[in-house]
Amino acid sequence: AQSVTQLDSQVPVFEEAPVELRCNYSSSVSVYLFWYVQYPNQGLQLLLKYLSGSTLVESINGFEAEFNKSQTSFHLRKPSVHISDTAEYFCAVSARGFGNEKLTFGTGTRLTIIP
Amino acid sequence: DAGITQSPRHKVTETGTPVTLRCHQTENHRYMYWYRQDPGHGLRLIHYSYGVKDTDKGEVSDGYSVSRSKTEDFLLTLESATSSQTSVYFCAGGDRYNEQFFGPGTRLTVL
Numbered sequence: 001a002q003s004v005t006q007l008d009s010q011v012p013v014f015e016e017a018p019v020e021l022r023c024n025y026s027s028s029v030s031v032y033l034f035w036y037v038q039y040p041n042q043g044l045q046l047l048l049k050y051l052s053g054s055t056l057v058e059s060i061n062g063f064e065a066e067f068n069k070s071q072t073s074f075h076l077r078k079p080s081v082h083i084s085d086t087a088e089y090f091c092a093v094s095a096r097g098f099g100n101e102k103l104t105f106g107t108g109t110r111l112t113i114i115p
Numbered sequence: 001d002a003g004i005t006q007s008p009r010h011k012v013t014e015t016g017t018p019v020t021l022r023c024h025q026t027e028n029h030r031y032m033y034w035y036r037q038d039p040g041h042g043l044r045l046i047h048y049s050y051g052v053k054d055t056d057k058g059e060v061s062d063g064y065s066v067s068r069s070k071t072e073d074f075l076l077t078l079e080s081a082t083s084s085q086t087s088v089y090f091c092a093g094g095d096r097y098n099e100q101f102f103g104p105g106t107r108l109t110v111l
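As you go down the protein sequences, you meet chains P and E in turn. Counted from 1, the first sequence has number 95 at position 95 by the working numbering; the numbering is strictly sequential. Counted from 1, the second sequence has number 97 at position 97 by the working numbering; the numbering is strictly sequential.
Be aware that a few hints might be false.
To be verified - Okay, the calculated bits of chain P under chain E, using three or more residues with CB under 8 Å as the criterion:
#1 44 to 57
#2 105 to 115
To be verified - If the Cβ cut is set under 7 Å, some of the chain P residues that face chain E in the computed set are:
#3 Y32
#4 S94
#5 E101
Think of the hints as simulated: they come from the structure by calculation, not from any bench. Idealized CB from N, CA, C, for every residue including glycine.
Let's have the full structure, built from the sequences with the hints guiding it.
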């Protein structure tokens, strides 16, 4: 089974400052990793994903995450945040391979941007 | 392009009544999922389906049942609603690599 830990439940950041949202996972098998974003009163949207290949993955709106196998981490970063980034962010993990069609989510990190 | 829709979007019901939430997809996803979202718990999987009439339990399945008679529709039923089932319910669909696409959610209040 897999598990995900998001240690920070809330992260306040000033506008245009950098931010890092932490995600650590546990798994006995190889994994796929995801970050989802949830804007107020909406469903979750995929922000970025790591399936294979380059360990650094990027989103279209300036976020990036790096898969670190030795530290079992997949932290999300953005060099300069905007008010529109205010949302809740969920890290998720699933096992690779056929028969493993479930995602395990972390408890989420609420990112608040301070003007 | 509706993607995944859920109905109703809001529902208030009383303890002991049956409740059915509907998820409809237009993307031909093979897999469909029902989650509940509660503060401090993130999303927890209730049930999922890997094909028509093929379903399995998630981590919080007690008190819930599901049915999938068509690829497009995935129903979640609370046989006898309890206050502990007050939550926001999300449906999702997925295919390869477990990437999932979510509906807008249903806010259920059980009084």
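A quick look at each hint next to the structure:
Only residues whose beta carbon comes within less than 8 Å of a beta carbon in chain E count, and the segment 44 to 57 of chain P has 5; three or more means the coverage holds. For the segment 105 to 115 of chain P, the stated coverage by chain E holds: 4 residues have a C-beta nearer than 8 Å to a C-beta of that chain, and at least 3 were required. Taking 7 Å as the C-beta contact cut-off toward chain E, the hint placing P:Y32 at the interface holds, the least distance being around 6 Å. The interface hint given for P:S94 holds, since its Cβ lies 4 Å from the closest Cβ of chain E, which is under the 7 Å cut-off.
The criterion of a C-beta within 7 Å of any C-beta in chain E is met by P:E101, whose closest approach is roughly 5 Å, and the hint holds.
In the structure shown, no violation is registered for any of the earlier numbered hints.
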